[in-house]
Amino acid sequence: MSEPIYQLRGLAKTYGDHCVVDVPELDIQKGEIFCVVGPSGAGKSTLLRLLNFLEPPTRGTIRFHGRDYGPLDQVPLEHRRKVTTVFQRSMLLNRTVWANVNYGLWLRGDRSSGALVDEALDQVGLKHVARQHARTLSGGELQRVALARAMVIKPDVLLLDEPTANLDPYNVGLIEDIVRKLNLDHGTTVVLVTHNVFQAKRLAHRVALLLECEIVEVAEVHKFFESSDNPRTGAFVRGEIVY
Amino acid sequence: MSEPIYQLRGLAKTYGDHCVVDVPELDIQKGEIFCVVGPSGAGKSTLLRLLNFLEPPTRGTIRFHGRDYGPLDQVPLEHRRKVTTVFQRSMLLNRTVWANVNYGLWLRGDRSSGALVDEALDQVGLKHVARQHARTLSGGELQRVALARAMVIKPDVLLLDEPTANLDPYNVGLIEDIVRKLNLDHGTTVVLVTHNVFQAKRLAHRVALLLECEIVEVAEVHKFFESSDNPRTGAFVRGEIVY
Amino acid sequence: MEIWQGLAKAVELIMNGDQALGTIVALSLKVSGIALLFSTMLGIPLGIMLGFSRFIGRRLVIALLYTGMGFPPVVVGLFVYMLISRSGPLGRLGSPLIPSLFTPEAMIIAQTIISFPLIAGFTMAAVMGVDPQLRQQVMALGATRWQGAWTVLAEARVGVLVSIVAGFGSVISEIGAVQMVGGNIENYTRVLTTAIVLETNKGRFSLAMALGVVLLALSFVANVVMLRLQGRTLDE
Amino acid sequence: MEIWQGLAKAVELIMNGDQALGTIVALSLKVSGIALLFSTMLGIPLGIMLGFSRFIGRRLVIALLYTGMGFPPVVVGLFVYMLISRSGPLGRLGSPLIPSLFTPEAMIIAQTIISFPLIAGFTMAAVMGVDPQLRQQVMALGATRWQGAWTVLAEARVGVLVSIVAGFGSVISEIGAVQMVGGNIENYTRVLTTAIVLETNKGRFSLAMALGVVLLALSFVANVVMLRLQGRTLDE
Amino acid sequence: NAPAPTPTSVPPTKVPPTATPVPPTPVPPTAVPATAVPTAAPTAIPMASGRLLLATTTSTRDSGLLDFILPDFEKAFGVKVDVVAVGSGQAIKIGQDGNAEVLLVHSRAAEDKFMADGHGTRREDVMYNDYVLVGPATDPAGVKGLKNAAKAFAQVAEKQATFVSRGDESGTHVKEKDIWKAAAITPEGTWYVPAGAGMGAVLTMANEKLAYTLSDRATYLARKAEGLQLEILVEGDAVMFNPYGVMLVNTAKNAQIKGDLAKSFVDWLVSVPVQEKIGTFGVDKWGAPLFFPSSTLYQAAHATAPAAGLKITGLVNTPMTLTEAEVKAMPTMEAERANKEGVVEKYTGVSLAKLLGLAGVKAEATTLVFVADDGFTSEVPVADVLKCEKCILSFRSNGGFSSVLPDFSNKAQVKGVVEMQLK
Ligand SMILES: Nc1ncnc2c1ncn2[C@@H]1O[C@H](COP(=O)(O)OP(=O)(O)OP(=O)(O)O)[C@@H](O)[C@H]1O
Ligand SMILES: Nc1ncnc2c1ncn2[C@@H]1O[C@H](COP(=O)(O)OP(=O)(O)OP(=O)(O)O)[C@@H](O)[C@H]1O
Ligand SMILES: [Mg+2]
Ligand SMILES: [Mg+2]
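Chains as they are written, first to last, in our numbering: chain A, 1 to 243; chain B, 1 to 243; chain C, 1 to 236; chain D, 1 to 236; chain E, 1 to 423.
By construction, these hints were calculated from the structure, which means they are not laboratory data.
Some hints here could point you the wrong way.
[Stated by the list, open to error] Below, a list of computed lysine-lysine pairs in the DSS-like style, where the Cα atoms sit at most 27 Å apart:
#1 B:LYS181 <-> A:LYS201
#2 D:LYS30 <-> E:LYS80
#3 C:LYS9 <-> E:LYS113
#4 E:LYS285 <-> E:LYS75
#5 C:LYS30 <-> E:LYS209
[Stated by the list, open to error] One-sided and incomplete, this derived list gives chain E residues near chain C with beta-carbon spacing under 10 Å:
#6 VAL86
#7 THR138
#8 GLY142
#9 LYS209
#10 GLN421
From the three backbone atoms N, C-alpha and C, an ideal C-beta is built for every residue, glycine too.
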């Protein structure tokens, strides 16, 4: 196996004395779909922000493309640009849908025809809203536009935070297909945060359970859901309260 | 049966010539949990906005508490205050969590101790974030705060737009219990938009399928999911594409 | 150097509690304070209206407002002068409600006209910067129109605060109009700015500079107090 | 009435393409335009910095900026005068880079100082009004610092536009400083505002009013053009 | 300063430019000899193109005078004169800082200080106008027509009629304070409004408040033409004269000062043609000049004019030519003499003994010859005249002089004396 794309070592993020992420050691492999589950407020979104280098950690390092990034390190643009996130609460720019999807390309100085943009919009089933203003979108449309916007820049790592929360069953399937396809065809590494246990089952190679800032278990997807050693994993999946 | 709480007659909302909601006739009964399902962009959120009198319809009327409200009618404050919405994308005010939950009471001039606020926060399991600033909340916390904020004002009608989209299984169960309890104990009428078919099954008395701005079927929950006459209902539930 | 002389003189004036200076400062604060109050009362509602509603002619109103930000004070002064002058349309009425020229009241009118477009314009911008979904959320929770507007204002507080600060700055530093309609009468309509101009005309630059320093110190203190009152908004 | 006479005269002056007026208008636009350019170039980055970063002393800088909005133009004029006067610390150097007094360049310096706090303050407020999550989103999509700042500016465009409008308004209507460092020299440093004061002092109120109307017409047109360029932002 | 002379001529407004009233500052009798007077303006320096900065008071610009005369200079010298018109104090400050080449101001004490402190290298009289007390036509204090400014001020104070003061230490304000002092009054109370504003603004204010104020005539007339309703109530008192001086800023201040050009400008400004042009300014519009030229050259040149000058020639130490104004500027005295009908008449004039003393009568001189403008001559013994205390050269009501020697024969009483020759 090749070197992991992320190597987290002693990584921690705290707000005040409130621990939000505390990961002594975790590797994320190149090309895998890594799923993070856990109760509300566990620190999942924060972990994604750390992986996208949007916030510096309080302690520890993330090794990425051969370099260790700690609390004080500036991540160079070329590394930052290998990763992108579809946030839990996507923010679109106050422009048309098309311009939003094109934005990442525009940032990279890509002034090409925009065929990529049209294609991405088509994939998420939103070709018809391309000229509409971002503010007029419905919740599910918004979420799909955010995914399209992340796709067009063809990142090495795609961080997805609840990408189908606002979608109906058909669109959930559509998005899952897209993610699977990106992973298979382009080898995109995907870190997926989801509360949809079935989705995790359908997509993930490995699953991690995050509980109150700590990773309680990391396991192959089948092991995780079917024969976990950890009683808390089972409880979480059944919707019981877990500490 | 008493008079329906809402009587929609020839109600339509269009943006330009794009039809978003078009309901020739629909009654929502006092004290029921009415669930609306449908694909992304069908017009569900728009329907809720109409029911909360946040936008005037383009055509038609909504009868509420004995009065018909059409495109040009001003809805008096006392009627508006009987309804509230938990939006798909909740907006919190730039204040503490506690102040956010208290906001509805503050609007009503209720300067009481705030016991109601503490109680509501406790119910949604967020007593510990009460002093935290709204901007620091996680996605699921945000959603629960929004629900608590709506609960404290004890509305006659509670409109819920994907209230559990960002929640883990445990919290989903928690919220569902709260909604059921509100409906049973206070007789609150609930209109629930959800993509979670299981949730609809668990909570709803009646379910409506909205497809491209039109209501295709309204039925008792069991009928809807188990023996629907409408082939499109079945297709939707199975995650197939429906027109 | 004269700049230092000016500073030293300012300190001296303040330390000695110069009485003439005290009168001037008090009048400056009074006139600008009242004018600011009026223009806030006019400007904020107008700004909210322009920010919230879409009506025919809104763009024209905005363009006029923007133009109003560039009203040369002396033109406003001239205008007020012509209106309330003995021979002007209002002054002719001789009504006691209409202030005479060369009174603090006339200055307040002129300064109100000068500062309210700034306040209205920035309030509009601040209010427009608030997500419309938040407005809907607030209305859904049962806010009246006024409560809704108030809440949105509170959300846009940095912008609204800055608009008031700018309004204050524009009136406290204004010269043309107060000179024109106030006349710079000693102990009656002489404010800091007109006193500065007077000393400048006399060629007493360091005294003028000292008065300028006093004026700046004054608005600095006012702003610090404002920031304090504001709490932590700016650090959010 | 004199107000109408003023209007009529303004129309007449414009219609006849009065040459002296043309010179004055051109100079006003040139001086204010360049000053606005400079203060935008200074004020917007400062506003972005204050809006984005949290650093020690930020509050102090903000309080100073707010105070700067209340700089009386005549004090700024005095200050610039003292600096670049032939006997002042800069003027003494006799460097060709330092403009002499009573030149358009000196006026530009003074006006830049006057308008940049307004622009910086409002840019700060506008930028702070943009959801911090949007900034994160933009960075996540791979924006450089500058691209991120630019995008946030574009999101806060109403506020930034208003800040520029206000900056333009403050320079085009400013009198004290241009009079002080420009000297109101005919055909050279006489701008609309100083011409207005001149006519007012001469008692030619209707001509002064006419010039005022021309000035307002000018900034009205400038603002309408600005709104046009802006597209539909204000209607969103 | 020297005691103010009493003008006997009509108030300045009604006087044609050549028949000037008494200048406010007595001219030293040792005037420039007529022969030395260059009457043409200095010729242009061909290459001297550039800008010349003139700092001046607002009255010279706002009255339109500078627009009237400066284009000539600009054309002749190929330069642009930049006029910065500000308060007198500020103008002087601009000069002190070396930011202007030339100052044209009216604040004699400050001007003298400026020169004494070495900020300037040359000062010349240029012109003067006068102040007037203006007020509402209703004249509540009843001062109209008074000839004595101090008295009028006292009356205003007594009636507590509203009076607006410049209150800005300008030349006008200083003059106003002098008059109050002369009236022995410290103005105080609600009726006295210290405005701290420019002349234009103060006139506006007085107009609005139906108040009195002291104004310079130029600004007043200009404003009057724009509809000001105030009227001139008191004028012509000698204390109300208002002289303007031009000063060259010391080139040693800094290298940027264009000394040569500035010198040319001053030479030009005081030259006779320019002075004469100043004297015509405003006549067409207001029927009277706003400013009266008073440069030494101008006065010298006009002293040669037969009707308006006086020569002292012959056996004297310094032969001299005096303008009428110069003579009138000297201390006056009165003399009485019965005319042909035996009625005693009063005459005002200058002591003959003193006049002759100025020129210095040589010991060998025995006879004084009066030469009249029509060529008539009459001789009297010098020694008698020098002894005579009541002998004067009186001022004629429409210009010129007559000899009045009370105890001498009728022959000695010569009308229209233009020359006194000593033999
Ligand atoms: N101003 C507008 N102009 C044009 N189309 C609009 C406008 N506002 C909303 N729409 C469209 O109306 C449709 C209905 O939106 P709505 O938010 O009601 O959908 P929804 O059923 O809630 O979908 P979702 O499940 O994705 O939240 C969407 O397709 C949206 O793009
Ligand atoms: N500035 C802050 N100060 C204090 N607590 C904070 C701050 N920012 C975030 N938190 C807390 O950190 C915790 C982790 O937040 P995070 O968004 O990572 O949760 P999450 O696992 O994504 O939850 P969810 O599933 O609800 O989205 C939350 O409890 C939140 O309240
Ligand atoms: Mg989250
Ligand atoms: Mg929706």
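Is it true that the CA of D:LYS30 sits at most 27 Å from the CA of E:LYS80? Since the Cα atoms of D:LYS30 and E:LYS80 sit roughly 21 Å apart, the hinted pair holds (cutoff 27 Å).
Status of the hint placing E:VAL86 at chain C (closest C-beta pair under 10 Å): This interface hint holds because 7 Å falls under the 10 Å limit.
If you draw a straight line from the CA of C:LYS30 to the CA of E:LYS209, is it 27 Å or shorter? The hint holds at about 24 Å.
Between C:LYS9 and E:LYS113, does the CA-CA distance stay at or below 27 Å? holds (24 Å)
With chain C as the partner, please determine if E:GLY142 meets the hint condition of a C-beta pair closer than 10 Å. violated (23 Å)
Holds or violated: B:LYS181 with A:LYS201, Cα cutoff 27 Å? violated (32 Å)
Satisfaction of the E:GLN421 interface hint, Cβ to chain C closer than 10 Å: violated (51 Å)
So, E:THR138 near chain C? Judge it on the closest CB pair being under 10 Å. Constraint on E:THR138 not satisfied, violated at 14 Å.
Measure nothing beyond the straight line between the CA atoms of E:LYS285 and E:LYS75; if it is 27 Å or shorter, mark the hint as holding. Roughly 25 Å between the alpha carbons, so the hint for E:LYS285 and E:LYS75 holds.
Please verify that hint: E:LYS209, Cβ, nearest Cβ of chain C, below 10 Å or not. E:LYS209 check passes; min Cβ-Cβ to chain C is 7 Å, inside 10 Å.
Violation of the numbered hints given earlier is confined to hints 1, 7, 8, 10; the remaining hints are satisfied by the structure.
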